[in-house]
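From first to last, the protein sequence lines stand for chains A and B. So in this note's numbering, spot 599 of the first sequence is number 599, and the numbers just go up one at a time. So in this note's numbering, spot 61 of the second sequence is number 61, and the numbers just go up one at a time.
Hints were generated in silico from the structure; no laboratory data involved. Some hints here could point you the wrong way.
Only pairs whose alpha carbons sit at most 27 Å apart, straight line, appear in this in silico DSS-like list of lysine-lysine [to be verified]:
1) K3/B with K573/A
2) K5/B with K354/A
3) K38/A with K232/A
4) K232/A with K199/A
Simulated restraints, written as ranges between beta carbons of each label pair [to be verified]:
5) R67/B with K419/A: 57 to 63 Å
6) R67/B with I645/A: 35 to 41 Å
7) K666/A with T51/B: 43 to 49 Å
8) T51/B with M71/A: 57 to 63 Å
9) G511/A with R67/B: 43 to 49 Å
10) A55/A with E47/B: 35 to 41 Å
11) R67/B with Q554/A: 26 to 32 Å
12) Q554/A with T51/B: 19 to 25 Å
13) R67/B with F626/A: 30 to 36 Å
14) F626/A with E47/B: 33 to 39 Å
Output of the computed footprint for chain A on chain B, the stretches with three or more beta carbons under 8 Å from beta carbons of chain A [to be verified]:
15) 10-22
16) 37-47
17) 51-59
All figures in this text were calculated on a predicted structure; none of them were measured in a lab. Don't be surprised by glycine CBs; every beta carbon is placed ideally from N, CA and C.
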Amino acid sequence: MEHKHTEHMHHEQKEEHHIEELEDQHHHESPVEDWEMKDWKRKLVGAWFFAIPVAVLMLIERLLMIEILPMKTMTIVLLAISFPVVFIFGFSTIKGGVRGLFTFYFNMDSLIALGTIVAYLTGVFSLFFEIQDYSGVSAMIMAFYITGKYVEVKARGRASQEIKKLLKLGAKRARILRGKEEVLVNIEEVVLGDVIIVKPGEKIPTDGIVIKGESSVNESMITGESLPVEKKKGSNVTGATINQDGILYIKATKIGKDTFLSHIIQLVEETQSSKVPIQILADKITRVFVPSVLVLALLTFGGWFYFTQNLSKAISVSISVLVIACPCALGLATPTALMVGSGMGAKRGILIRKGEAIQTMRQVKFVVFDKTGTITKGMPEVTDVYPNSISSSILEIAASVENLSEHPIAKAIVDKYGKRKLKSVKSFKILRGRGVEGKIGSKRIVIGNRTLMNEEKISIEKFEKIIEGFEKDGKTTMIVTENKKVIGVIAVADTVKEDSVKAISALNFQGYKTIMITGDNENTAQAIARQVGISETIANVLPEDKAKKIKELQKKGMVCFVGDGINDAPALKQSNVGIAMGTGTDIAIESGDIVLARGSLRGVVAAINLSKATFKKIKQNLFWAFAYNVVAIPLAVAGVLHPIIAEIAMALSSITVVTNANLLRKKRI
Amino acid sequence: MKKIKIEIAGMHCASCASNVERSLKKIPAVKNANVSILLNTGRVECEDNITEEELVKAVKRAGYNVRKITYD
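When you get a sec, could you build the whole thing from the sequences and use the hints?
This is the structure we're talking about:
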């Protein structure tokens, strides 16, 4: 018994070890942030080790007015204990700041460096001249500054945690089949066409197609969909998803930069470098902020000295001005909120490509959906063939002609006919948005919609009732004609996605006007629209005219267009906010301001809500950052804030902004 | 035109990021530069004839270091 147990344990350990082997992280490449965090922590502990005695001494001496040491001795002691805080633990700040003063690349450090050095020097001078000693203050400012930075870096790390997880999501190694041997190689060595073996519990290393085996795969990390997806021979799989229960043999179809995950990462990184228009003012201010504050501090010093003749007070007030000003709150307000927002989105398969989209989203009035592939599944099936008695011959004729077209409806007709023999077709032509034509023997066959029949001047009178009936059921009808005479009608229907109804009712409830755009005729369009709860339809639209229709609508208000990224690219570009629906394996990067990893309409609602919530956070943050500086700086100039209080306020302001951005996560999308 | 991603070390505040941006934009071949303090990266759109030294020098001029340069 005992023995068996250990054997089992041993086996388990071995299993774990072998997964670890695959997931082995490159430890030497630890991110900057980890190192940065450790560094700030070291400085934090060191600085306070000396700053606490400084605080105690100052408290006893200055506040309680108890003289424990003669004045000069006290100053020397304070100078000695403050030195390590300012110049050792604050070394990088002093160095960077002073450097900035000379190279004219001012930053936050320049303000703190100047403030603390001046404060420290007052201590040195007080040994020789009649001047107030602020050396203790310099230590306190530096200690609080370091504390503020430490907390801020930590909060900033939290803000980008989802994105960082995404960056690390890719597998590091793959087990590939070389001849009959399994070899473990680094992911970079995998080439297209390699056969990869993925065992249960392992990460699928790259995008590919299953050639052997069956399993369920957890794709939640990429699509946000929590239910596992069944995979069998012929299924596409995505890199970084987790194989759950069976062994899969996968042929690599995409590697390196071309994988789905790489595309997602690229999108997310681009988001960060895109700007939200509202931040432009804040950015401009950030750029001139530090030099302006330096000038203001100088003016404050001059003013106070001129009017009060009190050098010590003038110095203290200008130090307050230097350390209270905080460009960080302004500069971090937008990027942190955007980072948290896009991270939350990425986790759910919503990729915000352009920061601008979240600002525009607020003003959107119309949400326009493309029908095929967006509201419906995009996989139409033949439901009816009329007349039924000679149906097979109608289907045979239609399938023979449609076989030469790539259109989904054509495919549906061919599929319905099955693998039987087709007739040979000559002079085949696609009539875009209307139908097809071709010749079987000497007979000219034209198959298409009402528009095409009108053009061809073919009377459909006899079939009108039948056609109308199909249309009222939301079916697309293809009228089959032979030598300008209708011989039959084929009805094709596309099933509505399960979540379309729910998503659209949510949008209607929020006050959006939902519209469906389609190439189908009015009857069919309205039938589908009714099924999902859309009030308005724009029917009979040729694919190339979708953008034009969007433009017309834009005269009445801002438009958000939802469509697949491939056929609808012009409409996506034309709309104010374009939401491109992914198909799960491919991602349309170039079109769409927001890209959804999977084709669920719930994603559209979530994307809209997320955009609005993120933008609200940005506005809040910018308001706080502006308000803080607008109130705090004048108070400092007026001399009502002690330098230490000023520094604490500064540290708190940037922490508040970053923390507030992190609070976005509490919002349910 | 090419797109370059620069990983930058030592930035710790919003004005740091705008300093690097300003310095990168001073390179004549650079058309656009965007620096993210949160990702510690800069994204540069520039003409093809740019050299890595130019980019490294620009980042150094603003007071920071380059960790890695990758091309899109």
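Status of each hint after checking the structure:
Restraint check: the Cα-Cα separation between K3/B and K573/A comes to about 22 Å, which is no more than 27 Å; the hinted pair holds. Distance check on the hinted pair: K5/B and K354/A sit about 18 Å apart at the alpha-carbon level, within 27 Å; holds. As the CA atoms of K38/A and K232/A are separated by approximately 47 Å, the hinted pair breaks the 27 Å bound. Of the pairs offered as hints, the one joining K232/A and K199/A holds, with about 14 Å between alpha carbons and a cut-off of 27 Å not exceeded.
Roughly 58 Å separates the CB atoms of R67/B and K419/A, a value that falls within the hinted 57 to 63 Å. As the Cβ distance of R67/B to I645/A is approximately 38 Å, the hint placing it in 35 to 41 Å holds. For K666/A and T51/B, the Cβ-Cβ distance of about 47 Å falls inside the hinted range of 43 to 49 Å, so the restraint holds. Range check, T51/B to M71/A: about 60 Å between beta-carbon atoms, so the 57 to 63 Å window is met.
Checking the proposed 43 to 49 Å range against G511/A and R67/B shows it holds: the Cβ atoms sit about 48 Å from each other. At about 55 Å, the beta-carbon gap between A55/A and E47/B misses the expected band of 35 to 41 Å. The supplied range of 26 to 32 Å is broken by R67/B and Q554/A, whose beta-carbon atoms lie about 45 Å from each other. The hinted range of 19 to 25 Å is not satisfied by Q554/A and T51/B, whose Cβ atoms lie roughly 45 Å apart.
Checked against the hint of 30 to 36 Å, the pair R67/B and F626/A passes, with Cβ atoms roughly 33 Å apart. Checked against the hint of 33 to 39 Å, the pair F626/A and E47/B passes, with Cβ atoms roughly 37 Å apart. Under the rule that three or more residues need a Cβ within less than 8 Å of chain A, the assignment of the region 10-22 of chain B holds, with 10 such residues. For the region 37-47 of chain B, the assignment as covered by chain A holds, since 6 residues bring a beta-carbon within under 8 Å of that chain's beta-carbons and 3 suffice.
Given as covered by chain A, the region 51-59 of chain B fails the check, having 0 residues with a CB less than 8 Å from a CB of that chain where 3 are the minimum.
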